[in-house]
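Student: Based on the sequences and whatever the hints tell you, model everything.
Residue numbers (our numbering), protein chains in the order written: chain A, 1 to 358; chain B, 1001 to 1282.
Incorrect hints may appear among the rest.
No farther apart than 25 Å at their CA atoms in a straight line, the calculated lysine to any residue pairs in the SDA-like style are these [claimed, not checked]:
{"hint": "1", "chain 1": "B", "residue 1": "Lys1132", "chain 2": "A", "residue 2": "Arg243"}
{"hint": "2", "chain 1": "B", "residue 1": "Lys1126", "chain 2": "A", "residue 2": "Leu208"}
{"hint": "3", "chain 1": "B", "residue 1": "Lys1038", "chain 2": "B", "residue 2": "Ser1023"}
{"hint": "4", "chain 1": "B", "residue 1": "Lys1120", "chain 2": "A", "residue 2": "Ser162"}
{"hint": "5", "chain 1": "B", "residue 1": "Lys1120", "chain 2": "A", "residue 2": "Leu276"}
{"hint": "6", "chain 1": "B", "residue 1": "Lys1126", "chain 2": "A", "residue 2": "Ile210"}
{"hint": "7", "chain 1": "B", "residue 1": "Lys1126", "chain 2": "A", "residue 2": "Val209"}
{"hint": "8", "chain 1": "B", "residue 1": "Lys1120", "chain 2": "A", "residue 2": "Ile169"}
{"hint": "9", "chain 1": "B", "residue 1": "Lys1120", "chain 2": "A", "residue 2": "Leu212"}
{"hint": "10", "chain 1": "B", "residue 1": "Lys1120", "chain 2": "A", "residue 2": "Ala337"}
{"hint": "11", "chain 1": "B", "residue 1": "Lys1126", "chain 2": "A", "residue 2": "Ala213"}
{"hint": "12", "chain 1": "B", "residue 1": "Lys1126", "chain 2": "A", "residue 2": "Leu212"}
The set of hints was computed from the structure by calculation and includes no laboratory data.
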Amino acid sequence: MPRTAQSSPGAARKVGTAAPSTFLERALVVLSRYREASIAVVALVLAIYFQVGSNGEFLSSQELSVVLRDTGRYGLIAVAEVMLMITGEIDLSVGSTFSLAPYVMVLMSIGWGVPLAVSAVAGILLGVLIGLVNGIITVRFRVPSLITTVGTFFLLQGVVVSIYNSQPIVAPVQEPFNEIFGENLYSPTDSVWSWHGLTAFTPFLWTLVIVLAMALVLNRTTFGLHTIATGSNIVGAREIGVRTDRIKVYNFMIAGAFAAGAGVINTTQFASADPLAGGPFLTLQAIAAAVIGGTSLLGGSGTAIGSLLGAFVVATLNNGLVMMGAQATVSDIYLGAAIVLAMILNVQVDRMRARRRV
Amino acid sequence: MSQNAIPALNPDTPVILEMNRISKTFGAVTALVDVSIKLRKGEVLALVGDNGAGKSTLIKILSGFHHPDSGTIVYQGKEVHFHSPRDARAQGIETVYQDLALINDLSIYHNMFIGREYHKHILGMKLLDNRKMRELAQTYLNSLGIQIPSVNSTVDLLSGGQRQSVAVARSIYSSPTILVLDEPLAALGVREGAHVLGLIQNLRRQRSVSIILIVHNYNQVFEVCDRINFLHSGEIVLDASTSETSEEQLIRIVKSGLGRQAIAAAAAEVRAGTESTSTGGL
Ligand SMILES: Nc1ncnc2c1ncn2[C@@H]1O[C@H](COP(=O)(O)OP(=O)(O)OP(=O)(O)O)[C@@H](O)[C@H]1O
Ligand SMILES: [Mg+2]
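Tutor: This is the structure we're talking about:
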């Protein structure tokens, strides 16, 4: 065993590992310690690229409010996927929950005259219930969540399209509810600091608040610690008294709630509930954001902040390329390449960490 | 005798734990058949037996990880049902599992305190008190003389022996009533192994914690244990005091062939010589 003087905690920082010497090694060490740093760099480079490519239009407040809106939508779902992926599970049904919850919200408000604020809560509770069902099927009946949630995805998608034969329904508009949840679009005459200007960014700001909260939950609470333990070593976690089944179910419930919440915000923005608003594509975009953000599918590690950065990258690729005149479909090529590269980087950073062992 | 001048346990010492007629099968595999063990307060009980004899299964039933098919556990005079390891830990039963149950992606200090984290309240939020856990872990590991790098490093960076040391330290940190150690010395070097044996010996000297120790090395059994239970094919075939059984006798039993009859016969022979103080429930 390496002998290290440990008289003063904190001062002794030797980890029993070789000190990084070259610049590259040091950079990889920084990357492994601050996963988010690598993706932040990617996000920045992309933003600069599109800013230059679009003759300074990309970072104009108007365009940015569109990109950040998408970032908010992907990010809110992605951060929930991150939590689940840390436990070693995944939820593919989020795309359907995203459509169903606001559909129910709008039907309640139209049919029973319930205020949107109340029916929105009901919609989110429906999401929680969906998560509970996903979780229980996964942990009690030992069905892999990949399968469970493919099943519930189709089931819920079927339910929402069958209600009114796939027809979108017009949602009521109630202020300040709609303003607070992103009804306003940024217009060139707006000041960012005006109420109208600020509310144009609310879909993103809500996600930002929630992502920061989830980062706190993940890194500074018992629940977060047990979430990591569950995915890192499920048998060991159980042996030491972590209630791994519960931890998984709670994270499924969070995923359901966040997917429903994202759907509610989306519907509020457009004052319309579309049964096809979510779908499989949204599920995959959110998972892409989580993966690009630095979370691997192996369980045991992941970053909440990274999911928001990943969401920004996905939204930027989608919007930026279109803005520069590319076909909308081309952006998928870049997105696909970005996911593969992100996975390679994730794995390499992990291996670099392992190689520094003594 | 290699008792290091620790006086033998008073025969009147109360029993703190009884596992009565525990049976357990895993599908077609019968792991335990009607196994009964008794542990007295402050006693160090060795549980020995071949690979696959059922030692780990027995202690995992005690720790709440497995549930017995039949049989009862009486702990501190009351029948108990541990639904999960959380229950058992809450009642003062700590276990070092054979697989150590360490979480590779967490730091040493988080591993030390997982399941009994310290919190602080900030703006009404119950957050982990990482600084406190870090300092307590560092101080405690130092006080045990366990050589590890910084408590901040994740446990996947540790050597096998260091991992084992951390797992043992975690189990004794909370001053348990019963301590269960499943091959705690397996990955330790000579010096570190002696160190952990020393820790067990210290606990034994104080007679405040009762210990079940699973080991394969009979030297170690005779060095730190008061009594020995030999588990063979899911059954206890010998229950003897170490002060009245010699290592040679034990080895004779073990080598008496794998047949249950042969072992039982050899065990009976040994028991005949130790009848007077036998504590056994055979
Ligand atoms: N979870 C399980 N599922 C199925 N069979 C199991 C399980 N755990 C243990 N067994 C079986 O029960 C029997 C007893 O195993 P156990 O691990 O208790 O032995 P052991 O005495 O601890 O052995 P070792 O000295 O190798 O650690 C073995 O045949 C093993 O294969
Ligand atoms: Mg074992």
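Student: Compare the structure with each hint and give your call.
Tutor: Tested hints:
With a C-alpha separation of about 24 Å, the suggested pairing of lysine 1132 of chain B with arginine 243 of chain A holds against the 25 Å cut-off. A distance of roughly 21 Å separates the Cα atoms of lysine 1126 of chain B and leucine 208 of chain A; the hinted pair therefore holds under the 25 Å criterion. A hinted pair counts as satisfied when its Cα atoms are at most 25 Å apart, and lysine 1038 of chain B with serine 1023 of chain B qualifies at roughly 16 Å. Under the criterion of a C-alpha separation no larger than 25 Å, the hint pairing lysine 1120 of chain B with serine 162 of chain A is inconsistent with the structure, at around 50 Å.
For the proposed pair lysine 1120 of chain B and leucine 276 of chain A, the alpha carbon gap of about 45 Å is over 25 Å, so the pair is violated. Taking the CA atoms of lysine 1126 of chain B and isoleucine 210 of chain A, the gap is about 17 Å. The hint holds against a cut of 25 Å. Taking the CA atoms of lysine 1126 of chain B and valine 209 of chain A, the gap is near 18 Å; set against the 25 Å cutoff, the hint holds. Annotation: proposed proximity of lysine 1120 of chain B to isoleucine 169 of chain A is violated, straight-line Cα distance about 48 Å (limit 25 Å).
Under the criterion of a C-alpha separation no larger than 25 Å, the hint pairing lysine 1120 of chain B with leucine 212 of chain A is consistent with the structure, at around 19 Å. For the hint pairing lysine 1120 of chain B with alanine 337 of chain A, the CA-to-CA distance comes to about 44 Å; that exceeds 25 Å, so the pair is violated. With a CA separation close to 13 Å, the supplied pair lysine 1126 of chain B and alanine 213 of chain A stays within the 25 Å bound. Proposed proximity of lysine 1126 of chain B and leucine 212 of chain A is supported: the alpha carbons are some 16 Å apart, at most 25 Å.
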